[in-house]
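Undergrad: These are the residues of each chain, in order.
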Amino acid sequence: MNTLNNTIYSINGPVVKAADTRDFSMLEMVYVGEKRLIGEVIGVTDKFTTIQVYEDTAGLKIGEPIESTGQPVCATLGPGIISNIFDGIERPLRDMTKLNGAFVAEGNALFSLDTEKKYDVTVTVKAGDKLSGGDIYCTCPETALITHKCMVPPNVSGEVTFAAENGQYCVNDTIIKLKLADGMEMPLTMVQKWAIKKARPIAKRLPINRPLITGQRIIDTIIPIAKGGAAAIPGGFGTGKTMTQHQLAKWCDADIIVYIGCGERGNEMTQVLEEFSELIDPKSNRPLTDRTVLIANTSNMPVAAREASIYTGITLAEYYRDMGYHIAIMADSTSRWAEALREISGRLEEMPAEEGFPAYLPSRLSEFYERAGYAENLNGTEGSVTIIGAVSPQGSDFSEPVTQNTKRFVRCFWALDKSLAYARHYPAIDWNQSYSEYVEDLSGFYNENVGLEFMGLRQEIANILQEETKLMEIVKLIGADVLPDDQKLAIETARVVRVGFLQQNAYHKDDTYVPLEKQMLMMKVIVRLYRKSLDALKNGVMLSDVLATGLFEKAIKIKYDIPNNNLKMFDGYFKEIEEKIGALSV
Amino acid sequence: MSLQYVGLKDINGPLVALEGVSGVAYDEIARIRLNDGTERIGRVVELEGDRAILQVFEGTKGISLENTRTIFSGKPLEIPLATEMLGRVFNGAGKPIDGLGDVFPEKMGDVNGKSLNPVARQYPRNYIHTGVSSIDALMTLIRGQKLPIFSGSGLSHNKLAVQIVKQAKLTGEGSSDFAIVFAAMGVQNDVANYFRRSFEETGASERVCMFLNLSSDPIIERLLTPLCALTAAEYLAFEKNMHILVIMTDMTSYAEALREFSSSKGEIPGRKGYPGYLYSNLASLYERAGVIEGSTGSVTQIPILTMPNDDITHPIPDLTAYITEGQIVFDRDLDQRGVYPGLSVLLSLSRLMKDGIGEGYTRADHAAVSNQLFAAYAKVQDARSLASVIGEEELSDTDRAYMRFGRLFEDNFLNQGFDENRTMDETLDLGWDLLCSLPKSELDRIDEKLLNEKYDPERAARFGDDTVKITTDIANEL
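Top line first, the protein sequences correspond to chains A and B.
For the first sequence, the residue numbers in this note's numbering are 30 to 615.
For the second sequence, the residue numbers in this note's numbering are 4 to 481.
No wet-lab data here; the hints were simulated from the structure.
Since the structure is predicted, the reported quantities are computational estimates derived from the model, not experimental observations.
The beta carbon of each residue, even a glycine, is placed where N, CA and C say it ideally should be.
Do not take every clue at face value.
In the DSBU-like style, the derived pairs of lysine-lysine whose C-alpha atoms are separated by at most 35 Å in a straight line are [as the list claims (entries may be wrong)]:
#1 B:K98 with A:K64
#2 B:K268 with A:K561
#3 A:K586 with A:K567
#4 A:K553 with A:K517
#5 B:K275 with A:K436
Now the stretches of chain A that chain B is said to cover, found in silico as 3 or more residues with beta-carbon under 8 Å [claimed, not checked]:
#6 131 to 143
#7 286 to 296
#8 410 to 424
Some chain B residues flagged as far from chain A (calculated, every beta-carbon gap over 12 Å) [claimed, not checked]:
#9 R199
#10 E263
#11 L411
Please put together the full structure from these sequences, using the hints given.
TA: And the structure:
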């Protein structure tokens with residue numbers, strides 16, 4: 030097989046074809062042209078091999094060579110991933126600036142990880158040990174927060190014939206040697222490769238029953254997400270998708286965040302880079318970058334790499350899950366990924382389905398979201414991958430194909446609403462359109478860890494909101510004045526819920542992250558206030574007198590007035606409600 | 004020796020095909036010499052075997068299958084770049100059209116640009132003062148931002164663009180190195196003249212570099228216009244350390260040219276016939292705004308687009324807003340009421356504003372004022388829709404106060420003269436005066452301390468007795 034005979038036959042944007050060749054297999058990685066641009070085989074017929082190129086094809090010529098590698102497009106996995114920033118095919122962007130300056134150049138096949146940095150390695154196996162796929166053979170501190178555990182690649186097993194001493198090693202140094210079943214000896218370094226489009230194997234899936242705690246009230250209490258679950262955040266421009274993703278990335282209780290900026294703004298990635306290095310994780314007192322990986326394929330970077338960025342991100346996440354960590358993936362935005370599929374599909378002149386998207390859009394989306402999960406790993410540890418995907422529906426129309434198909438594969442749906450955003454109600458998650466199917470699965474956790482009242486309070490808050498929606502229909506027609514006092518009270522309470530509870534200020538030091546316990550107490554104050562007032566009304570007290578106590582305004586300000594670390598202050602609120610409303614009844 | 008290819012294989016709209024070519028690179032530029040001695044420029048857009056498809060910038064009028072000789076340059080399209088481009092006028096392909104001769108190049112620049120490595124970007128922070136209250140206070144323009152203006156046919160976006168060019172200034176260090184690159188795509192002759200004249204009259208033309216593609220000019224050249232303009236802007240910003248404001252109008256014409264080009268190429272259309280890569284294509288322009296490490300300059304963009312049928316969900320404004328960092332939206336009702344600039348405050352947004360205002364940039368109370376103005380104006384809409392059902396007389400006192408606030412806000416804050424250049428202090432103080440026409444209890448987005456310091460119902464007195472009466476009524480009631 031002489032690969033040098035394969036040459037470029039045609040070029041159309043990122044799609045390149047080679048004619049009369051039988052050397053390529055599907056999804057194989059290839060080097061295209063003199064500059065060795067990275068590409069992937071996406072179609073093979075007896076006449077043509079079709080290749081999508083992950084880099085800009087300007088300057089390529091007909092007849093330049095195409096070199097096959099015999100391998101699929103792989104992610105490089107090893108220490109040095111965390112706190113790094115990569116492009117869609119895992120090339121280190123920081124190193125690229127050193128090489129090429131501010132603008133991205135083509136054809137540099139940089140190694141993803143820092144090969145010169147020495148890690149403090151502890152080898153956990155000895156000669157004679159029998160290891161199989163997923164077993165950990167050495168560990169090293171990767172950042173102050175994350176201990177990296179090097180594992181035998183999933184499809185390999187054998188007996189250790191050599192194990193290095195503990196000490197300082199680079200990622201490409203041999204740590205152990207394995208004697209495989211066929212007698213071959215296989216050296217293992219701290220790095221392994223894995224095809225990005227293939228899910229890494231696990232022992233078994235575990236039931237999903239722990240929440241991903243985010244500190245965002247509307248999410249944690251009303252529409253919760255579970256560790257190992259998948260959620261979608263659809264919203265038109267300006268509704269705060271990115272802001273919500275940033276908040277989750279900052280505060281959620283995952284061990285590691287993989288943030289994929291897929292076809293989004295360059296300045297946003299810069300903001301993440303800057304903010305996360307300045308923000309200190311309250312639990313560990315380390316900058317958030319110590320637990321974050323960024324994958325940046327901004328909207329002006331080549332479109333094929335945008336498609337790959339999503340797979341690269343999830344492969345990195347699965348690798349860390351295999352070590353026993355909990356990972357949250359923020360994919361912003363999956364619509365851009367779908368558009369990349371559409372663009373490539375159009376260049377291939379495939380038959381389009383809805384709105385020009387290819388017919389395989391739903392299957393690609395489901396493949397992606399199914400890689401989320403709570404798993405028992407091959408080595409017996411437990412870990413999870415949670416996917417939170419932003420969706421940017423065209424024209425803010427949720428009936429478009431990407432939103433609709435995504436809805437089928439996620440169990441948690443945070444619909445961002447334009448009118449809430451215009452009213453500067455943030456997070457602009459619309460409680461009427463959003464839902465979470467995880468509520469049931471998580472009730473056990475809340476009962477055990479937060480309080481038995483939690484689920485009940487949550488339901489009451491939801492009821493008040495629903496009542497308001499119903500009443501507002503009437504108010505819109507005939508005005509609020511004609512409503513009886515108890516219904517007016519419901520509307521007033523719903524306002525407290527909306528402004529005091531659901532609205533959350535990302536820029537306020539206490540309000541940006543609220544622990545579950547405080548969330549519960551806040552609900553409790555509102556529900557207590559509502560019930561007491563309702564009782565008072567039944568006893569003939571006027572609503573205006575109830576409102577004049579100022580308790581409702583005070584309840585709205587709880588989020589600012591009670592610091593997260595002084596929840597005892599709530600007692601005073603309950604007492605005050607008793608006294609002030611009680612005084613009215615007399 | 005350069006090889007000449009005689010004749011063409013076929014011609015389709017702006018595209019021509021040649022056969023039997025070899026050694027041609029994707030995206031390279033070719034010169035097509037006609038028998039009458041004129042020359043046109045073409046770009047390779049597709050290669051298949053020995054067949055090359057070229058788009059001809061000046062159009063294919065007069066080209067036949069036999070009367071051409073094509074010479075490939077082996078290079079992508081490059082334009083000469085120099086500081087002396089400021090004050091000059093070019094066509095869409097970067098050729099001078101002001102009769103002052105060629106630019107002496109300090110450097111040749113590939114118009115396609117390269118994508119900016121996100122690591123090399125600096126997060127934009129400082130603001131550009133426009134002197135327009137609504138923009139400065141509520142949708143502040145930040146250096147390195149891309150903030151489009153969404154308008155409609157017949158609205159005053161051109162006037163606003165001129166006013167911004169005229170008044171735009173930087174504060175703080177490096178503020179003198181400020182210049183404007185103006186790209187007109189598919190604009191009518193008289194509109195282009197309006198801009199040209201206005202720049203001359205206001206004395207701004209010395210710091211403006213114009214790229215003009217009129218509506219009668221070929222569409223392929225229209226596709227090049229923003230590329231040339233941005234290449235010039237990047238050169239001035241990142242190599243000459245200047246702060247460049249790029250105004251691009253009208254992006255709708257650009258997108259339509261792209262659609263025309265795509266359909267003549269026989270591509271599968273996406274939404275409304277626009278090519279599936281419209282998003283990527285627009286992004287490749289808009290993302291060329293920014294601030295980079297190692298340069299003190301910046302590229303800020305104000306693309307202007309007219310929304311077909313005033314529809315903000317049309318693919319062009321929709322995709323634009325997904326890429327840009329906010330949007331400034333014109334409102335036809337306000338415009339018709341004579342409010343200039345009639346901007347729809349609630350639909351408009353500047354995403355980068357939060358990090359570029361406040362202490363050290365504008366004024367400490369800026370965020371509070373703008374949040375409260377937004378929130379109050381949102382309530383005005385509620386009050387108005389209620390009033391349209393039950394009549395204004397039936398409204399509660401609070402709602403009536405909001406109705407009044409709405410009118411005052413539109414007439415005094417949004418509305419301003421074409422020659423009126425308001426300072427940041429004037430704008431924010433005006434905001435406070437307006438807020439003071441509302442009862443204090445309604446100002447829930449401002450923290451207590453600041454409110455106590457600034458709130459004074461008398462401040463609203465300048466807007467007329469009517470308002471004062473209402474506020475004191477409510478004050479008494481409380």
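Undergrad: When the hints from earlier in the document are held up against this structure, which numbers fail?
TA: 2
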